[in-house]
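S.K.: The residues making up each chain are set out below.
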Amino acid sequence: MATDTTKDAREKQKTLLGADELVLNMGPQHPSTHGVLRVKLKLDGERVIGSECMIGYLHRGVEKIAEHRTYQQFAPYVDRMDYVAAVSNGLGYCEAIEKLLMVEAPPRAKVIRTILTELQRIASHLLWLGTHALDIGALTPLFYCFREREEILKIFEKYCGARLTTHAFRIGGLQYEAYDTLEKDVERFCKAFESRITDYEELLTQNRIWLGRTKGVGILKAAEAIALGATGPVLRASGVKWDIRKAMPYAAYDQYKFEIPVGTTGDTYDRYLVRMEEMRQSRLICLQAIENIPSGPIMAKVGKVLKPPPGEVYHAIEAPKGELGYYVISDGTVQPYRVRIRPPSFVNLQAFDKMARGHLVADVVAIIGTLDIVLGEVDR
Amino acid sequence: MLDQVIFYLFSAVAVAGAILTVTRRNVVHSAIFLITALLATAGIFLQLRAEFLFIVQIILYVGGIMVLFVFVIMLVNLDVAVRQLRFARQKWVALLISLALAAQVGLMLWSTGKMPGQGVPVLSAVPADKLPPNSEEVAKSLFSSYLLPFEIASVLLLVAMIGAVVMAKRRA
Amino acid sequence: MADEPKEQQPSPVPAGEKPASGSAPASTPPAKPATASPAGGVPPKPAAPVPPKPPVQLQTPLNNELVGRVRAKFGTALVEAIEDRKQAILTVECTKLAEVSQYLRDEEKFDLLSDLTAVDWPRREKRFDVVLNLYSFAKNERLRVKARAAASEPVPSVSGVWPTANWLEREAFDMFGIVFAGHPNLTRILLPDEWQGYPLRKDYDIIEQDTSWVKENLGIESGQ
Amino acid sequence: MQAVTQVTTEFVKQYWAPLLCGFAIVAILPLIVGYVVLVERKIMADMQARLGPMRVGPHGLLQPIADAVKLLIKEDIIPEDADKLVFWLAPVLSVGAALLAMAGLAIGPAFQIAKDINIGILFVVGVSALGIFGIVLGGWASNSHYSLIGALRSSAQLVSYETAAGMALVSGLLFAGTLNVTSIVQAQYDQGIWFGLLAPVAFFTYLVASIAETNRAPFDLPEAESELVAGYMTEFSGFRWSLYFLAEYTNMIVVASVATTLFLGGWLRPFPRTHWLDFLDFLPMVLMTGIGIYGLLRVPKQPARVQQLFMLAVAGMCFAAAFVLAAPVLIPFFKSSLIAAVKPYHDGILGGFWFIFKVSLYIYFFMWLRFTLPRYRFDQLMRLGWHFLIPLSIINVLVIGVAMILGSHFHLEGWQLLLTTIPASVLALIIALFILNAEQKSEPQRASGDASDTYA
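Protein chains in written order, with this note's numbering: chain A, 1 to 380; chain B, 1 to 172; chain C, 1 to 224; chain D, 1 to 456.
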């Protein structure tokens, strides 16, 4: 009986008063918008019939700052964009400038860069997993994920003294030689991580509620994903097997064997599986890399004052969130003429409207989580 | 003495609640006062040792029907309701009906010669342990002497329920 | 642009991306803005003589099959095709940008628009470059398309070709004030809607701000 | 004036004992709830590889008091556009209903406020359901979309799951044959078996429905923090918020008590009529002593002098409790003549212990689920309620009734009744799963149309 009365209520509300559209303002202060994202949702009951992302609350004008700093001075700034994957940001920037300078980092630097970047990918995915699970209501994985992420951050701290915004690399190579027990630390982490990731999967992968909350939610077909410019795990979960690490190898990725996990349906569950598998693959890359770190210099021959010859270069790497591109124009002076950063989060977030339409408010949360955005990078 | 005080307390609350229900402009406030009136009535039942009726009143009317009322009201745009006249055209009809009702009650009290003030027999306290178990008695009378009406009512409700489901299905 | 090509710096790593242009160091001596001092020790003295010399030419004309096909199809609309550090760059007529994009996506399979941005060259007659970074999954190849636009000139929007251009064009509008004709919703995206000025233009100072907006909305004198 | 005094004295004379109990409940319950929260946080911390509150008092033992003080002295914020009257009334309603429901419960054979009311368990269920008004009205009065959605979700959820819970209770009550709380427990003593074992499906249904009714994870949608910030509580702060909090945890205690009374044998110890298990009577005493000794061991490890003293006090309290618990059990050993005199205390104390023990286990289960499971989505929650739990509970009432008739036909009693009720429960489960399956098969075409009503 209750069913009918409540149905009547909704019917009445639609026909009599026409008050069926509700605009819900989510954020910029909301527990699950992962920062200062603001989403305006048009709701019919709890169903989303339209949405608009309002961004820019964290806009700091990074690209403008770049034009007023020297090449080296700007390097620490990029860490502040995707602050949960600072190492990846740094790698992209350093390699872009190296391309502009037409130098290449020595092999030893490349391998250490690869190790740290892959660790950073694991850390970034761990943070994603924890918060995503928390958004869907599972409290506990967050703490497990932070426990493991802590190990990675400790390795960073030992290597360069910083945990979050590391500025680990320099243009032309590395500033610091690897510390003595780096290999051992990484190996210990990787060995332990295998069983830990199985633990997370036991908590979530076959959980009926988890399946119900993620399967069929926020479907992005391959063609749509490409049209919307989605990259990284979002694109791969839609079934496009494209990873810049394989397609256009940089750092030392061409030396290692790893798989590119792809999904089939492009729903939230697929993106979950893809990221979980990516963590496993990153772990394998780390294990391969520490086996044979070549000796030699860690810094290429670059001067103290960098004046790249005029010209321009676009260099993209596979950041944890997707394609992170740097388009740098040099006019031959010590400061870049223009630095354009192609942020994966910004572009991926554009797919939000497409994914959220027709879903419920609760799914909106899951979809924001599954896009794995960092507002520092969206807004720059 | 105590019983009477409690009775008049509950009655006053019920009457006041009922009046406020129809005079409030805000629909939600009306609903709250209706709940108050219903609860006060339930209180009177309890005082009369009709425990089963008391809990039925609470579970069905307050806990069930009023929740749905409030549910509906909250979805409705309140401004519209406020703008509408409180007492619409039916006020004469309403007055007539309430007068008739009052006359009926008065007549009943008059005919039994038990006007208030001449001793209130309904309130004479029966010791609790002397009463037969309340819910059992209700069940017995329902399933023995009033079996047919009970079953008819059940069938009626069932028909209503199925009808509602069918209508809802067709719409959806 | 067409200067004598010269190699400027011997690449320390042989496998590195050598400049695509000539191999021999030409007229000017190797300037080496980034001197090969081992792991940085001595301040690089030779850096000093760099500024006066004319810019080093790393950009060479590009003439591969793709360029041929585009030129055959669009003729003079393809203004220039060059290669810089092995990266292909096509410059097209601004008005033809949408058609060229459509062609590149449909016929040449550049189905991913990686990035769309703009560059301000205030001293040029047409001050803006609108830059599209394309990628083709089929060919595993990147391509950069540029269109030059004057300050007030509307640029045809490519959001119909790649939906992802929607936000990217909004950002370019936000930062440079470039108007994209045919864009479904050309509003500011990162800055507040009422903000005055376009911060990534070269004449916008780094500490400049919309003072009246800051006063009105934040109630403070300055956001700096 | 004289009449008023007379009425008052009459009233107090007649009802002083329940009044006192009522005051005790209102006074002590916030403290208990505070410590339930502390225990929850500690358990959560343990499951999540961390320590939980450690700062206030040794092992955070004074945390609830610090929290309470903080909440009380917080600024009282009422939103500008809120409906002031309703905003004020709502939390009070919520907590009032929850506390009133406590009156009908029997914590052990000795402690019950509304003694021997005929409708016993119905009273508890009905009155505690009134708390929904606090949630709905509070959500509406806040004049915020999040609150309103939370309130709507809450009322829809409660109405749906109350049906299932009620039907599950009916299955249990069939065995008891009475609504009176004391008689229900007595019936379980007479049968020698808990009704939860006789009607496992009903117990399961009630378990799930009671989680949903108290808005606990994985059914905590009305206050889902990742979606609705805090649902109906979004605009409440300080003291009002703490009232809601109190109501929620009190409701947890209430549903746990109802389940304990009806399905877990109330204050009876496990296997109450098996005499070789009599040594279980010593369990409470031993348990308390153990905790006390552990506390003593921890004393030297406390960092500060104050904390050491506090830990010592805690240990002392444990020993005192152990002594109180031990007295009625041990006295008969020394002086057999006192058995009769001690009996009521013996039953009261042990009964209270077992009741609270079972309630704690039930609440622990709630917590365990909360830390483990993700949250349901609203339509999934409704589907689970209407498509599975309600059919299941209705069918279960039917088949349990049949099983009882069969049982009495074959003169089965106590444990023997399992012979008929277990097959009946399995049958009910199978039929319900069949219905669910049939529903799910017809689901795809509906889901594509997206016409499914979330609130239905």
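Treat the hints with care, since some could be wrong.
Said to hold, decoys possible - Below, a list of computed lysine-lysine pairs in the DSSO-like style, where the Cα atoms sit at most 30 Å apart:
#1 A:Lys304 / C:Lys86
#2 C:Lys109 / A:Lys40
#3 A:Lys246 / C:Lys215
#4 C:Lys139 / C:Lys109
#5 C:Lys86 / A:Lys354
#6 B:Lys169 / D:Lys84
#7 A:Lys64 / C:Lys86
#8 A:Lys241 / A:Lys42
Honestly, the hints are just simulated from the structure, not real lab data.
Please read all numbers here as calculations on a predicted model, not as lab measurements.
S.K.: Each hint should be assessed against the structure and marked as holding or not.
M.R.: Evaluation of the provided hints:
1. Distance hint between A:Lys304 and C:Lys86 is fulfilled; the C-alpha atoms sit about 26 Å from each other, no more than 30 Å.
2. As the CA atoms of C:Lys109 and A:Lys40 are separated by approximately 35 Å, the hinted pair breaks the 30 Å bound.
3. For a cut-off of 30 Å, the pair hint linking A:Lys246 to C:Lys215 is broken: about 51 Å separates their Cα positions.
4. Using a Cα cut-off of 30 Å, the hinted pair C:Lys139 and C:Lys109 holds, with the two alpha carbons roughly 8 Å apart.
5. The suggested pairing of C:Lys86 with A:Lys354 is violated, with an alpha-carbon distance near 36 Å, which exceeds 30 Å.
6. Distance restraint check for B:Lys169 and D:Lys84: the Cα-Cα separation of roughly 40 Å exceeds the 30 Å cut-off, and the hinted pair is therefore not satisfied.
7. Under the criterion of a C-alpha separation no larger than 30 Å, the hint pairing A:Lys64 with C:Lys86 is consistent with the structure, at around 27 Å.
8. Pair hint A:Lys241 plus A:Lys42 does not hold up; C-alpha atoms about 34 Å apart against a cutoff of 30 Å.
In the structure shown, a violation is registered for the earlier hints numbered 2, 3, 5, 6 and 8, in ascending order.
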